[in-house]
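J.: Given next are the chains, with one letter for each unit.
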Amino acid sequence: MADLIETRNLVKVYNSGDVKVVALDEISLTIDAGGLVAVMGPSGSGKSTFMNILGCLDKPTTGKYFLEGIDMGNLDRDQLAHIRNRKIGFVFQTFNLLARTSALENVELPLIYSGVPAGKRREMAMDALHSVGLSGREDHYPNQLSGGEQQRVAIARALVNSSAIILADEPTGNLDSKSSHEIISIFQRLNIEKGITVIIVTHEPDVAAFTRRNIIFRDGKVAEDKIAQKNTSA
Amino acid sequence: MLDVSARALWRIGCSSFNMFFLSSLKIAFRAIRVHRMRSALTMLGIIIGVGTVIIIINAGSGAKSQIAKQIAGIGSNLLMVFPGSTSSGGVRMGAGTKPTLTISDAEAMKEACPSVKFVAPTWGGNAHLVFGNENWSTVVTGTIPDMFQIRNWPLAFGSLFNQRDINTAAKVCILGQTVVENLFGDIDPIGQVIRINKIPFTIIGVLDKKGSSPRGRDQDDRIYVPFSTAQKRLFSTHIPGLVRTIMVQAKSLELMFEAEKEINALLMQRHHIQSGQEKDFTVRNLTEIMNIAQKTANIMSVLLLTIAMISLVVGGIGIMNIMLVSVTERTREIGIRMAVGGRSKDILMQFLIEAIILSLFGGLLGMVLGITACKVIAAVIKWPIPISWEALLLAFVFTGAIGVFFGFYPANKASKLNPIDALRYE
Ligand SMILES: Nc1ncnc2c1ncn2[C@@H]1O[C@H](COP(=O)(O)OP(=O)(O)O)[C@@H](O)[C@H]1O
Ligand SMILES: [Mg+2]
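Protein sequences appear in the order of chains G and R.
Each residue of the first sequence is one higher than the one before, starting from 1 at the first, in this note's numbering.
Each residue of the second sequence is one higher than the one before, starting from 1001 at the first, in this note's numbering.
It is worth saying that the hints were derived from the structure and are not from the lab.
Nothing false has been slipped in among the hints.
Pairs of lysine to aspartate or glutamate residues, derived as DMTMM-like cross-links and limited to a Cα-Cα distance of at most 25 Å, are as follows: (1) G:221 <-> R:1421; (2) R:1026 <-> G:123; (3) G:20 <-> R:1426; (4) R:1413 <-> G:78; (5) R:1026 <-> G:78; (6) G:59 <-> R:1421; (7) R:1210 <-> R:1221; (8) R:1413 <-> G:58; (9) R:1117 <-> R:1254; (10) G:87 <-> G:149; (11) R:1345 <-> G:58; (12) R:1416 <-> G:58; (13) R:1416 <-> G:71; (14) R:1345 <-> G:78; (15) G:64 <-> R:1421; (16) R:1026 <-> G:127; (17) R:1117 <-> R:1107; (18) R:1345 <-> R:1421; (19) G:87 <-> R:1421; (20) G:59 <-> R:1426; (21) R:1110 <-> R:1262; (22) G:194 <-> G:123; (23) R:1413 <-> G:76; (24) R:1026 <-> G:138; (25) R:1064 <-> R:1220; (26) G:59 <-> G:18; (27) R:1345 <-> G:76; (28) G:194 <-> G:127; (29) R:1171 <-> R:1186; (30) G:20 <-> R:1421; (31) R:1416 <-> R:1329; (32) R:1026 <-> G:139; (33) R:1416 <-> G:76; (34) R:1416 <-> G:78; (35) G:221 <-> G:204; (36) R:1345 <-> G:71; (37) R:1375 <-> R:1218.
Covered stretches of chain G (chain R as the covering partner; in silico rule of three or more C-beta atoms under 8 Å from a C-beta of chain R): (38) 49-61; (39) 82-95; (40) 110-119.
Every residue, glycine too, gets a C-beta built ideally from N, C-alpha and C.
Produce the entire structure from the sequences given, and follow the hints as far as they go.
T.: Take a look at the structure:
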């Protein structure tokens, strides 16, 4: 069986004016299904660029990205949307919830695009909210929730469609340490209990300590790729 | 394995369409509600455009049928001959002021003009009527029975004058409906005797209701007596056989100008007028005047419709403008929707539906405005303005089309955004 994720010589070059920025420089790595991976590295080292490509939100300049053995470079817009809908849940540093839209409706969003009937949609979204500990808050709007709660809504949205992969780009970057801790333990639980592959970008060493594998980026390259022997529980 | 074949996508697309449509509606209504004022202002162009279209179509067709009714009312293919000249400009005496036309002119027309079907002279004036305790003042016109053919004006009850009545200047009369209402109420007037300027007259007939004339005069407020009776007993003349007007019906619409020419030639010959000299009579083509009125009404409504269409297009551009603003403002929302699996066509549909709803909602308000205005206008000018459902349907479909047409560009722009660029948009 193929690896869940495989990148081959992934390159991303940004041309902003005359300046050419090589954000990713020949990244080749594989990630197994069921992995819990921390992506680390200094600011500007290409972590977000890498995550966006893994999440099919962006395309590499050159190189290949295989998801479950399929070359994402061969898919068109709608097929990529379908992958994002069914296979990948993305969690952003800035939450990216729809304003003036209840927690429940935010979580239902991916299900709308996969055509789940309204009744079923609600049920699934309630389950997802329950699994991140937000039962009873489904009618709250994002501006009525704390940062940690908003991020949990975002996680519920990422897992509601039974995604195989959750990609989280600095999910605790805007949170206090207590909320951060809760968020990280949710990811850990999802990884262990549901077997979801979780890839987290983080700056915090203690977050990285929870994960089984740490990939460290530097100047668009993988500087280090450590596989921890033991798993510290949250 | 991933199932991303076109077939699977197609199936998903179809099954999700209905649900997707409903949630798009919901999103659209929310967006409109959030920006109430902006949406209302955006809709204004459409509201005014549709309102105007509704008013013009309905009031226009009301006016047209009113004019058509009046044309039928004054009689078809109608020419009117007056004494006096109106052919030259300046400060001259108007038509009907010089006593130059006589009954023999009328008789000659009937005989010598092949394009003429009926000729009816008139002579009359105002008179005071008394029946029992009731009084009424009205116009009494002396004429011959052909008048009622020309005017296309049948009797409701009774009979017309006969040749003997005319020969003997009989004291008989035919009443219009207004006179009957004012003098008789519920009493059957046929056979009753009324006094016209103190002279007793027997009522032999009552005319159908005619309504008001194109100039708004009540045509039913009138009494007809035999021509000879008017001249000999009621409004005597210094010249015998003098007439006030001669009503003429041509044989057909096509023959109206022919008839006009024949009458002109005949009267010039009879009155010894050389060509180029000023005429002492005037021939007026009433049907033509009414047709011109109808044409003017048509041109006016085409003009107003054009303005309304321009207003609709401007309204559409307003919608396009506000949708472009909306797409820009909601770039991050679009990015989020794409990130969780929204396809291009989902985004396209969402914004298109929003534009269509804005447009249709404006259209509906415009219809309400238009219908209300029609009712008010109908109440003020006292013409019936029937509301045409076809016009409403047309307006509805048209505003929907405006929504699609002007909403497509912004919606398409939204759907073509790159997910990551949309998400990063500040
Ligand atoms: N849209 C963009 N246009 C131009 N340069 C970009 C863009 N996004 C990222 N970069 C550049 O690419 C490099 C990597 O950025 P990023 O992947 O965001 O790093 P990280 O997430 O590790 O902080 C940086 O130098 C950044 O300035
Ligand atoms: Mg980053």
